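Chemist: Line by line, the protein sequences are chains R and V.
Letter 181 of the first sequence, counting from 1, is numbered 181 in the working numbering, and no numbers are missing.
Throughout, the working numbering is defined as the position within the second sequence, counted from one, plus 260.
By construction, these hints were calculated from the structure, which means they are not laboratory data.
It cannot be assumed that every hint is accurate.
To be verified - In the SDA-like style, the derived pairs of lysine to any residue whose C-alpha atoms are separated by at most 20 Å in a straight line are: (1) R:Lys156 with V:Gln352; (2) R:Lys200 with R:Lys153; (3) R:Lys118 with V:Asp464; (4) R:Lys118 with V:Gly353; (5) R:Lys44 with R:Asp230; (6) R:Lys200 with R:Lys156; (7) R:Lys156 with V:Gly340; (8) R:Lys156 with V:Thr341; (9) R:Lys118 with V:Leu265; (10) R:Lys153 with V:Gly353; (11) R:Lys156 with R:Gly180.
Only a predicted model underlies this, so the values are computations on that prediction, with no experimental measurement involved.
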Amino acid sequence: MTAEQRPTLNPPAPNPPALIEIAGLTKRFGAFTAVDTVSFTVAKGEVLGFLGPNGAGKSTTMRMLAGFMTPTAGTARICGHDVQTASVAARRALGFLPEGAPTYPEMSVTGFLRFCAKIRGYSGSELGDRVSHALDLTGLQGVRLQPVETLSKGFKRRVGLAQALLHNPPVLVLDEPTDGLDPNQKHEVRALIQKMAPEKAIVISTHILEEVDAVCTRAIVIARGRIVADATPAELEKRHPSGKLDDVFRLLTVANKDAA
Amino acid sequence: MRNILAIADRELAAYFATPVATVFIVIFLVMQGTLTFNLGNFFERGQADLNPFFTFIPWVFLLLIPAITMRLWAEERRLGTIELLLTLPITQGEAVLGKFVAAWLFCGIALGLTFPFVITVNVLGQPDNGVIACGYLGSFLVAGAFLSVGSAMSAVTRNQVIAFVLAVAVCFLFTVASYPLVTDFLSKNTPVLAEIARRLAVIDRFQAFARGVIAARDIVYFATFIGFWLFVNTVLVEQRKAD
Numbered sequence: 001m002t003a004e005q006r007p008t009l010n011p012p013a014p015n016p017p018a019l020i021e022i023a024g025l026t027k028r029f030g031a032f033t034a035v036d037t038v039s040f041t042v043a044k045g046e047v048l049g050f051l052g053p054n055g056a057g058k059s060t061t062m063r064m065l066a067g068f069m070t071p072t073a074g075t076a077r078i079c080g081h082d083v084q085t086a087s088v089a090a091r092r093a094l095g096f097l098p099e100g101a102p103t104y105p106e107m108s109v110t111g112f113l114r115f116c117a118k119i120r121g122y123s124g125s126e127l128g129d130r131v132s133h134a135l136d137l138t139g140l141q142g143v144r145l146q147p148v149e150t151l152s153k154g155f156k157r158r159v160g161l162a163q164a165l166l167h168n169p170p171v172l173v174l175d176e177p178t179d180g181l182d183p184n185q186k187h188e189v190r191a192l193i194q195k196m197a198p199e200k201a202i203v204i205s206t207h208i209l210e211e212v213d214a215v216c217t218r219a220i221v222i223a224r225g226r227i228v229a230d231a232t233p234a235e236l237e238k239r240h241p242s243g244k245l246d247d248v249f250r251l252l253t254v255a256n257k258d259a260a
Numbered sequence: 261m262r263n264i265l266a267i268a269d270r271e272l273a274a275y276f277a278t279p280v281a282t283v284f285i286v287i288f289l290v291m292q293g294t295l296t297f298n299l300g301n302f303f304e305r306g307q308a309d310l311n312p313f314f315t316f317i318p319w320v321f322l323l324l325i326p327a328i329t330m331r332l333w334a335e336e337r338r339l340g341t342i343e344l345l346l347t348l349p350i351t352q353g354e355a356v357l358g359k360f361v362a363a364w365l366f367c368g369i370a371l372g373l374t375f376p377f378v379i380t381v382n383v384l385g386q387p388d389n390g391v392i393a394c395g396y397l398g399s400f401l402v403a404g405a406f407l408s409v410g411s412a413m414s415a416v417t418r419n420q421v422i423a424f425v426l427a428v429a430v431c432f433l434f435t436v437a438s439y440p441l442v443t444d445f446l447s448k449n450t451p452v453l454a455e456i457a458r459r460l461a462v463i464d465r466f467q468a469f470a471r472g473v474i475a476a477r478d479i480v481y482f483a484t485f486i487g488f489w490l491f492v493n494t495v496l497v498e499q500r501k502a503d
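Okay, chain R solo, but in the shape it has when bound:
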């Protein structure tokens, strides 16, 4: 990443500041290119919906953004910290919900969150307050002493979400935050995301297109590792005569497959 390249990849003078900056991010597994020169920025106040068919590269992009996977090329920055060279600083500013919301099955909900809070540098009464606040936000108070393995899929997902929100990070990256939740829980999570949105830069990946309409200020459609659309949900809807996101999604992702 050279200095003269950077201005072309970041939109000129974004105001409010971009908290997530991804430039030319590429990941190859052998001959297969999972993510192909993906570039975008997300500013404070934006909720970016990350859409695409299974295997399009959504999770891989998010893993690279979280510093878990090493990119083959390109850079990702969180609050100005490069996720490769300043990984701990970048991860401090990040709340990340990995795909499938993994948690330690034998731990209680509180035990798990206390562990995360300890690693996040909290101690004493502040640690307790943080955990309790995260339990409130995600509606987990009722099951807080249960081992995670005894919880239903929806509760497990919320434990993962609570962990990501624990330290009130400026950047949230949530891989399928509403997968496995019932309609009421989905509604609650969306309301929660909307409530937090003005203070944060949020990226969520989803298969549920109505979710994009409900919470996202912007949507990126990715297919075969490449960005095929980057627009507001309203703009995207205009790309198909029916005006439905479902049809736009199919148009963008299937057409791309035929072209390749």
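Given chain R, put chain V in place with the hints provided.
Modeler: Then chain V, alone, in the frame of chain R:
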């Protein structure tokens, strides 16, 4: 440091939250007891020391310690929690050390629970308790050495059985490296390697402790051994975490 302790604390609690801890400790104590009292002729020897106990302990560790370490990284990968752990604001070195410290403390607890042997031998005679303490220190260091190997092997694969077998194999190599079987073969072909093998062997170092000798170079040996394998472990985690 604080991160290492937080991880160690979580890991140690995980041993006791599952039957792993109980099963390990019970089997360890039963094996040590049977080997010491029956095979080791503890009573028939008529000597007030714990030599039979310390003769068998590296072999029991060889079999049981890989059973502790096999899950350390393999399980994180199988559950996907490695993605969570390594996206928390910690370095990979801290994660590796935290897990190692927890496993070592756990072995320390298991080793501590062999105290009835010490009581027995003190009731029956007047042993040199300094030598016994020294033997315990050596046992603890051997446990650390095997744990560091096992932890690195666990980072190679997401399959716990493979992690176990690899760990036993590598620990076995380092245990028998000074045995005539190995050194005779090596000195016939490459005498230099025979000398290196003798110096790398865990068992010779341990036997010095069991005799009551604490030499600085043996301490350095164990520290280097553990440090090397934890470094390998960190590199393996970095390379293979997302596979």
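Chemist: All hints are to be evaluated individually against the structure, with a verdict given for each.
Modeler: Structure-based check of each hint:
At most 20 Å may separate the alpha-carbon atoms for a hinted pair to count; Lys156 (chain R) and Gln352 (chain V) exceed this at roughly 26 Å. For the proposed pair Lys200 (chain R) and Lys153 (chain R), the alpha carbon gap of about 27 Å is over 20 Å, so the pair is violated. The suggested pairing of Lys118 (chain R) with Asp464 (chain V) is violated, with an alpha-carbon distance near 42 Å, which exceeds 20 Å. Restraint check for Lys118 (chain R) and Gly353 (chain V): the C-alpha separation of about 17 Å stays at or below 20 Å, so the hint holds.
A threshold of 20 Å between alpha carbons decides the hint, and for Lys44 (chain R) with Asp230 (chain R) the separation of about 17 Å falls inside it, so the pair holds. With a CA separation close to 24 Å, the supplied pair Lys200 (chain R) and Lys156 (chain R) exceeds the 20 Å bound. Using a Cα cut-off of 20 Å, the hinted pair Lys156 (chain R) and Gly340 (chain V) holds, with the two alpha carbons roughly 13 Å apart. For a cut-off of 20 Å, the pair hint linking Lys156 (chain R) to Thr341 (chain V) stands: about 13 Å separates their Cα positions.
Proposed proximity of Lys118 (chain R) and Leu265 (chain V) is supported: the alpha carbons are some 10 Å apart, at most 20 Å. Of the supplied pair hints, the one linking Lys153 (chain R) and Gly353 (chain V) is violated, its CA atoms being roughly 32 Å apart against a limit of 20 Å. Taking the CA atoms of Lys156 (chain R) and Gly180 (chain R), the gap is about 9 Å. The hint holds against a cut of 20 Å.
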